[in-house]
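Please build the complete structure, drawing on both the sequences and the hints.
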Amino acid sequence: MLKYDETGNLVSVNLDIKNPNCKQDFEHLPPEQLADDILKKEQRIAEIVMEIKHALEGRLR
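Under the working numbering, think of the first position of the sequence shown as 1, with each following residue one higher.
Everything labelled a hint here was simulated from the structure, so no lab data went into it. Since the structure is predicted, the reported quantities are computational estimates derived from the model, not experimental observations. Any given hint could be a false lead.
To be verified - Taking CB as the label site, the calculated pair distances span:
#, residue 1, residue 2, range
1, I45, N14, 37 to 47 Å
2, I38, S12, 33 to 43 Å
3, T7, I48, 49 to 59 Å
4, M1, R44, 39 to 49 Å
5, K40, E6, 54 to 64 Å
6, N21, R59, 40 to 50 Å
7, Q43, Y4, 44 to 54 Å
8, G8, E51, 50 to 60 Å
9, M1, K41, 32 to 42 Å
10, Q43, L10, 43 to 53 Å
11, H28, G8, 35 to 45 Å
12, V49, I17, 40 to 50 Å
Don't be surprised by glycine CBs; every beta carbon is placed ideally from N, CA and C.
Listed below in C-alpha cells is the structure:
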C-alpha cells in the first residue's frame with residue numbers, strides 16, 4: 001500500500017499487504033511428493049530435448 005502526502009509525494013510503502021491480483025498461494029506439499037513431481041518434470045524435459053535433438057539431426061542430413 002502506498003501513502004502520499006498532500007503534494008503527491010510518496011511518503012511510505014507497506015509491503016506486508018498481499019497482492020490482490022495474485023492467482024493463488026503456494027501449496028505446501030510433502031518433500032516426497034515434491035521430489036516425485038520434480039523427477040516427472042525432468043523426465044518430460046529430457047523427452048522434449050531428445051525430440052528436438054532428433055528433429056535437428058533429421059534436418060542436418
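The hints, checked one at a time:
Distance hint check: the CB atoms of I45 and N14 are about 40 Å apart, consistent with the given range 37 to 47 Å. For I38 paired with S12, a C-beta distance near 40 Å keeps the hint of 33 to 43 Å intact. For T7 and I48, the Cβ-Cβ distance of about 55 Å falls inside the hinted range of 49 to 59 Å, so the restraint holds. Under the hint 39 to 49 Å, the C-beta atoms of M1 and R44, about 41 Å apart, fit the expected range.
Judged by the Cβ atoms, the range 54 to 64 Å given for K40 and E6 holds: they are separated by roughly 56 Å. Here the CB-CB span from N21 to R59 is close to 43 Å, well matched to the stated 40 to 50 Å. A hinted range of 44 to 54 Å for the beta carbons of Q43 and Y4 is consistent with their spacing of about 51 Å. Between G8 and E51 the beta carbons are some 55 Å apart, a value that agrees with the proposed interval 50 to 60 Å.
At about 36 Å, the beta-carbon gap between M1 and K41 stays in the expected band of 32 to 42 Å. For the pair Q43 and L10, the beta carbons lie near 48 Å from each other, so the given range of 43 to 53 Å is met. H28 and G8 have their C-beta atoms about 41 Å apart, which keeps the hinted 35 to 45 Å range intact. For the hinted restraint 40 to 50 Å between V49 and I17, the CB-CB distance of approximately 41 Å keeps it satisfied.
Violated hints are absent here; each numbered hint is respected by the structure.
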